[in-house]
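Asker: The UniProt record's numbering numbers the first residue of the sequence shown as 1 and each following residue consecutively.
A few of these clues could be false.
In silico DSSO-like cross-links for lysine-lysine, where the CA-CA straight-line distance does not exceed 30 Å [to be verified]: (1) 246 with 262; (2) 262 with 178; (3) 24 with 8; (4) 238 with 178; (5) 178 with 246; (6) 24 with 238; (7) 238 with 262.
Don't read these hints as lab results, they were simulated from the structure.
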Amino acid sequence: MSIYTCSKGHASVESDYCSECGVKIAGNNAVAIAGIASPPRSSQICPDCTAPHEVGSGNFCEICGYNFVTGGHGEVPIPIATPLSSASISSQNTSSQGTSSQGTSSQDAASDTVNQGAIANVVELAVTNDLPSLPVIPAFKQEHFSWELVVSIDPALASPDSPPPPRDLAPVTFRLEKPSNLIGRTSELRAIHPEVPLDYDDAVSSRHALVNRRDDGSYVLRDIGSSNGTLLNGIEIKSLVDIPLKNGDRIALGHWSSIEVKAIPNPI
1 MSIYTCSKGH
11 ASVESDYCSE
21 CGVKIAGNNA
31 VAIAGIASPP
41 RSSQICPDCT
51 APHEVGSGNF
61 CEICGYNFVT
71 GGHGEVPIPI
81 ATPLSSASIS
91 SQNTSSQGTS
101 SQGTSSQDAA
111 SDTVNQGAIA
121 NVVELAVTND
131 LPSLPVIPAF
141 KQEHFSWELV
151 VSIDPALASP
161 DSPPPPRDLA
171 PVTFRLEKPS
181 NLIGRTSELR
191 AIHPEVPLDY
201 DDAVSSRHAL
211 VNRRDDGSYV
221 LRDIGSSNGT
231 LLNGIEIKSL
241 VDIPLKNGDR
251 IALGHWSSIE
261 VKAIPNPI
């Protein structure tokens with residue numbers, strides 16, 4: 001396990017904050033800028049992610065979005081990358097046609113009126129006839145799934161500077177039962193107790209990432225400013241941006257920590 005030296009000369013097992021006095025450690029340098037172990041009196045601690053929050057700087061936690069006024073969890077609107085909808089594509093195609101469509105002749109308008117009348121007659125005929133009703137297909141709901149994170153060691157993720165990975169460490173499964181689940185390392189001094197602890201990997205930040213549940217029951221991954229970053233399916237994600245998760249996704253962080261995302265159908 002790597003040892004880091006804080007500005008007060010303490011040997012720390014944590015790379016971001018001294019595990020003995022709580023002083024912030026700048027990077028992995030032996031000499032770091034001196035910090036303050038506890039937040040100033042004008043600050044308060046977020047009950048969700050334990051991040052310091054200055055009073056008067058807003059109602060929301062900058063890390064996890066906790067609302068200090070209402071007590072709501074993760075209420076800060078975080079951007080989510082979504083594909084273009086068919087409606088927006090249609091709107092773009094319509095606008096790209098320019099002003100040519102505005103010069104429609106009266107003959108075209110009359111033709112459109114005739115076509116609309118014919119369509120209305122067909123629709124009325126279909127409604128009046130006794131047609132067999134189509135079966136109702138139930139909508140896909142994320143609530144029908146239970147989500148799990150399976151943590152394991154992948155030596156292939158190690159860098160040349162990484163220490164040897166732990167041996168004979170069996171995969172560990174964590175069931176996602178809370179709306180917000182912290183991935184990180186336990187720190188008794190700072191009262192950090194992650195739902196997914198990776199205490200064996202000192203390249204993982206104490207507060208590394210969050211896996212949050214959305215209203216539809218699905219989950220998103222958010223890096224909350226970790227020291228060494230987070231990879232999703234081999235691609236590094238941006239900090240403080242929610243990325244939707246799906247069954248089979250793989251999260252890589254630290255020296256050699258690998259997390260597989262599983263969405264298991266619930267029995268009907």
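Asker: Each of the hints needs a verdict: does it hold here or not?
Answerer: How the hints compare with the structure:
1. 246 with 262: Status holds; Cα separation ~8 Å.
2. 262 with 178: Between residue 262 and residue 178 the Cα gap is close to 16 Å, so the pair holds against 30 Å.
3. 24 with 8: At roughly 10 Å apart (the allowed maximum being 30 Å), residue 8 and residue 24 satisfy the hint.
4. 238 with 178: With Cα atoms ~23 Å apart, residue 238 and residue 178 stay inside 30 Å; holds.
5. 178 with 246: 17 Å, holds
6. 24 with 238: Given that 30 Å is the threshold and the Cα spacing comes to 23 Å, the pair holds.
7. 238 with 262: 22 Å, holds
Violated hints: none; the structure is consistent with every hint.
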